[in-house]
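Below are the chains, spelled out letter by letter.
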Amino acid sequence: MSNQPMVKPEALRLSDDAEKHYWRNVGYKIIKDWRLYLMLLPLLLIFLLWRYLPLYELVAAFKMNDATQTVLNRDFVGFHNFQSLLFGGDAAEFWMAFRNTFLLSFYGLLFGFPIPIILALFFSEIRSNGYRSVLQVASYLPRFVSTVVITTLCQMLLSAGSTFSEPGILSQALSAIGLISKESAEAGLLYSPQFFRAIYQVSGIWETAGYGSIVFFAAIIGISPASYEAARIDGASKMSQIRHVVLPSILSTITIMLILRVGELLTIGYEKVLLLYNNYTYSVADVVSTYVFRRAGIQVGGSPNQAVGSAADLINAVTSMLLVVGANMISRKASDTSLY
Amino acid sequence: MKRLDISEVIFRVLAYTLLTIFALFCLYPFVYAISASLSGRAAYYTGDVVLLPVEAQFEAFKTVMLSKRFWISYANTLFMTFYGTIWALGTSILGAYALSKKRLAFQRGFNFFLVFTLWFTAGLVPQFLNYRTTQTVMTSMGIMDDKWLVVIAMGMAAFNVVLLRNAFESVPYEIEEAATVDGAKETQLLTRVYIPMSKAAIATVGLFFAISRWNGYFWARTMIRNRNEWPLQVYIRDMMEDILSQEIPSEMAYAPNSLVYAMIVCAIIPVIIIYPYIQKYFAKGVNVGGVKE
Chain G
1 MSNQPMVKPE ALRLSDDAEK HYWRNVGYKI IKDWRLYLML LPLLLIFLLW RYLPLYELVA
61 AFKMNDATQT VLNRDFVGFH NFQSLLFGGD AAEFWMAFRN TFLLSFYGLL FGFPIPIILA
121 LFFSEIRSNG YRSVLQVASY LPRFVSTVVI TTLCQMLLSA GSTFSEPGIL SQALSAIGLI
181 SKESAEAGLL YSPQFFRAIY QVSGIWETAG YGSIVFFAAI IGISPASYEA ARIDGASKMS
241 QIRHVVLPSI LSTITIMLIL RVGELLTIGY EKVLLLYNNY TYSVADVVST YVFRRAGIQV
301 GGSPNQAVGS AADLINAVTS MLLVVGANMI SRKASDTSLY
Chain C
1 MKRLDISEVI FRVLAYTLLT IFALFCLYPF VYAISASLSG RAAYYTGDVV LLPVEAQFEA
61 FKTVMLSKRF WISYANTLFM TFYGTIWALG TSILGAYALS KKRLAFQRGF NFFLVFTLWF
121 TAGLVPQFLN YRTTQTVMTS MGIMDDKWLV VIAMGMAAFN VVLLRNAFES VPYEIEEAAT
181 VDGAKETQLL TRVYIPMSKA AIATVGLFFA ISRWNGYFWA RTMIRNRNEW PLQVYIRDMM
241 EDILSQEIPS EMAYAPNSLV YAMIVCAIIP VIIIYPYIQK YFAKGVNVGG VKE
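Sequence order for the protein chains is G and C.
Each residue of the first sequence is one higher than the one before, counting from 1 in my numbering.
Each residue of the second sequence is one higher than the one before, counting from 1 in my numbering.
Any given hint might turn out to be false.
[Said to hold, decoys possible] Simulated pairs of lysine-lysine, DSSO-like, Cα-Cα distance not exceeding 30 Å: (1) G:LYS333 to C:LYS102; (2) C:LYS185 to G:LYS32; (3) C:LYS102 to G:LYS20; (4) C:LYS147 to C:LYS62; (5) C:LYS185 to C:LYS199; (6) G:LYS32 to G:LYS20; (7) C:LYS102 to C:LYS199; (8) C:LYS101 to G:LYS29; (9) C:LYS185 to C:LYS102; (10) C:LYS68 to C:LYS147; (11) C:LYS185 to C:LYS101; (12) C:LYS199 to G:LYS32; (13) C:LYS102 to G:LYS32; (14) C:LYS101 to C:LYS199; (15) G:LYS32 to C:LYS101; (16) C:LYS102 to G:LYS29; (17) G:LYS20 to C:LYS101; (18) C:LYS185 to G:LYS29.
Source of the hints: derived by calculation from the structure; they are not laboratory data.
Make a model of the complete structure from these sequences and hints.
Rendered as C-alpha cells:
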C-alpha cells in the first residue's frame with residue numbers, strides 16, 4: 001500500500017490510525033455491552049445449528065448417493081444428479097412436480113390473494129361493531145386449526161360412498177346442485193385428478209382468507225374519514241371511492257403482502273399436499289417437496305436417492321430466492337415499497 | 001344523517017350478505033363435525049345428518065375418551081407446546097432485544113444473518129439429515145426422548161424474531177436513557193422496561209409459536225421414532241388411516257367416520273376454548289408494515 005504514489009504518507013498513517021481506533025472502539029463496545037451478546041448467543045446458535053448447518057448438507061446434491069456414508073465422506077460426482085433430474089431418468093417426474101408446484105401456488109395467488117382484500121373492504125363496510133366481530137371471529141377460526149385436522153375434514157366431507165353408505169356430505173351437496181356428477185361423488189372426489197386443484201384452493205381460501213384480511217382491514221380503518229368525505233362531496237360512487245381513495249391508501253400493504261406471497265410461491269404447503277394426495281392424484285398434486293420426500297425415501301422405501309432429492313431441494317431453494325429478490329426489486333423500482 | 005349514494009347502498013347490502021355467507025361457510029365444517037360425531041350409525045350412512053345430530057349417541061366420544069393412546073398423545077402435544085413455546089419465545093425475546101440495539105456491534109450483519117433464512121431454506125433432505133445428526137448427538141448425550149429434539153431444534157421462525165425486534169425498536173429511546181440514568185442494568189432494562197412495554201407483541205409472537213407447535217405434524221411424524229411420543233396430530237392422522245381401512249363390527253352404535261369426527265372435535269376443543277381470548281391480539285399485534293432488514 002505504501003508503494004502507491006498518489007497517497008501522501010501522512011494521510012495513510014491517519015487512516016491506519018482511524019482503522020485501529022475503529023477496531024479498538026468495537027472491542028470496547030463489545031466488552032461494555034457483553035450482556036447484549038450473551039443474550040443474542042442462544043438465538044444465533046439455534047439459527048446456526050438448525051438453519052445454516054443444513055445448508056451445508058446441500059453438498060449432497062453434488063455427491064454420490066450413498067446413505068451409508070455421511071455427506072462429508074461421499075464422492076463428488078459434479079452435476080450428475082442435476083443432469084438426471086433435469087434431463088435424465090428423473091426428469092419426467094421432476095418437471096411434473098415443478099409444474100404442479102407452480103400451478104398450485106399460482107392459482108393460490110390468483111384466487112387467494114384478492115379475496116382477503118375484498119373481505120377487508122366488506123368488513124370495513126359493516127357498521128355494527130358487534131356483528132362485525134362475530135363475522136371476523138368466525139372467519140379467522142379455520143386458521144387456528146391444524147393442517148391434519150383440515151385435511152382430515154376434507155377427506156371426511158368428500159369421502160367416497162359405498163354400497164351401504166352415502167358419500168361425504170359435501171360431495172352429496174355438490175352433486176345435488178349439479179356441480180359434479182353422482183359417479184364422481186360416489187368415487188370420492190379426492191381420488192380423481194380433475195378435482196384436486198379445486199379442493200386444494202377452496203380449502204385454502206376457507207383456511208386463510210378470513211385471517212389474511214386482518215392486515216388489509218387494519219390498513220383500511222386507518223384511512224382518515226376526511227378523504228372519503230371529500231370523495232363523496234365530489235359525487236364519487238362507491239366503486240370510484242374504492243379505486244381512488246381506498247386502494248391507493250393500502251397499496252403499500254398490498255405490495256408487501258404480495259412480495260411475501262411471491263417469495264413463498266415454491267415453498268408453500270407441502271404438508272397439506274402430503275396429507276391430501278394419493279396414488280391416483282400424483283399427476284396434479286405432486287409438488288417438488290413431496291417429490292423430494294418420496295424420492296429421498298425420508299419415510300418409506302422404494303429406491304431412495306438422497307442425492308437427487310438434495311439436487312431438487314437446491315433447485316427449489318435457489319428459484320425461491322430469485323423470486324423473492326426479483327419481486328422485491330421490481331416493487332422497489334415501481335413503488336418505493338420494499339420488504340427487505 | 002348522511003345520505004347514501006345508491007352504489008353505497010348496494011355495496012353495503014352486498015357486504016352484509018356475502019360476509020354472512022362466508023362466515024357460515026367457515027363455521028359449517030366444525031358444526032357438521034360435531035353433529036356427525038354425535039349421530040347414529042344408520043343416520044350417518046343414509047346421509048340424514050346435515051346440520052344437527054340425528055339419532056344421538058355418545059359412544060364415539062366415549063371410545064375416544066377411553067383410549068389410552070389418545071391421552072398419551074394429548075399429553076405429548078401439551079408437553080411440546082409448553083416447552084417449545086417457552087424455549088422459542090425466550091430465546092427470541094433475548095435475541096430480538098439485542099438485535100434492536102443500535103449499540104450492538106455488527107447489528108446489520110446479525111440482522112442479515114437472521115433474515116437470510118427467510119429467503120433461503122435448505123429444503124427437506126438437508127433438514128432431515130441435519131435433524132438426524134442432532135438426534136444422534138442428543139442420544140449420545142443421554143437424551144433419549146425425541147420430544148426434546150422437537151422442542152429444541154424445530155419451530156424457530158425468523159419472522160417472529162423480526163416482529164419482536166420491531167416492537168422493541170418502537171420503544172422510545174428516551175425511556176431507556178432515563179432508566180439507565182436511574183442505574184438500570186441490561187437485564188433490568190429488558191425485564192422492567194422493554195418487556196412490559198411490548199406485551200401485545202410478545203403475546204402475539206408467543207401465540208404464533210404455540211399454535212405452530214400445537215399444529216405441527218410433518219417433522220414430528222418424521223423424526224419421532226417411538227409411537228408413544230407422537231403428538232396428537234400424528235396420532236389423529238394415523239388413527240384416521242387405521243379406522244377407515246378396517247371394518248367396524250356392525251353392532252357398533254356409530255359409523256367409523258363418526259369416530260374420526262369425534263377425534264377432530266376433541267383436538268380442536270382447546271383451540272376453540274382459548275380462541276376468543278387470543279383472537280383480539282391477532283387483530284392488533286400483527287404489524288407487517290414494519291418488516292425491514
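Now the hints, each set against the structure:
Between the alpha carbons of LYS333 of chain G and LYS102 of chain C the distance comes to roughly 28 Å, so the proposed pair stays at or under 30 Å and holds. Proposed proximity of LYS185 of chain C and LYS32 of chain G is supported: the alpha carbons are some 11 Å apart, at most 30 Å. For the suggested pair LYS102 of chain C and LYS20 of chain G, the alpha carbons sit about 21 Å apart, so the restraint of at most 30 Å is met. For the hint linking LYS147 of chain C to LYS62 of chain C, the alpha-carbon distance of about 28 Å falls within 30 Å, and the restraint holds.
Using a Cα cut-off of 30 Å, the hinted pair LYS185 of chain C and LYS199 of chain C holds, with the two alpha carbons roughly 20 Å apart. Note on LYS32 of chain G and LYS20 of chain G: the hinted pairing holds, with a Cα-Cα distance of about 18 Å set against a maximum of 30 Å. Distance check on the hinted pair: LYS102 of chain C and LYS199 of chain C sit about 22 Å apart at the alpha-carbon level, within 30 Å; holds. A hinted pair counts as satisfied when its Cα atoms are at most 30 Å apart, and LYS101 of chain C with LYS29 of chain G qualifies at roughly 12 Å.
Distance restraint check for LYS185 of chain C and LYS102 of chain C: the Cα-Cα separation of roughly 17 Å lies within the 30 Å cut-off, and the hinted pair is therefore satisfied. With a C-alpha separation of about 19 Å, the suggested pair LYS68 of chain C and LYS147 of chain C falls inside the 30 Å cut-off, and the hint holds. Among the hinted pairs, LYS185 of chain C with LYS101 of chain C is consistent with the structure: their alpha-carbon atoms are about 14 Å apart, no more than 30 Å. Between LYS199 of chain C and LYS32 of chain G the CA atoms are separated by roughly 28 Å; this keeps the pair inside 30 Å, and the hint holds.
A distance of roughly 14 Å separates the Cα atoms of LYS102 of chain C and LYS32 of chain G; the hinted pair therefore holds under the 30 Å criterion. Pair hint LYS101 of chain C plus LYS199 of chain C holds up; C-alpha atoms about 19 Å apart against a cutoff of 30 Å. Distance restraint check for LYS32 of chain G and LYS101 of chain C: the Cα-Cα separation of roughly 13 Å lies within the 30 Å cut-off, and the hinted pair is therefore satisfied. Between LYS102 of chain C and LYS29 of chain G the CA atoms are separated by roughly 11 Å; this keeps the pair inside 30 Å, and the hint holds.
Our distance criterion of 30 Å between C-alpha atoms is met by LYS20 of chain G and LYS101 of chain C, whose separation comes to about 24 Å. This hinted pair checks out: LYS185 of chain C and LYS29 of chain G have alpha carbons roughly 15 Å apart, not beyond 30 Å.
The structure shown violates none of the earlier numbered hints.
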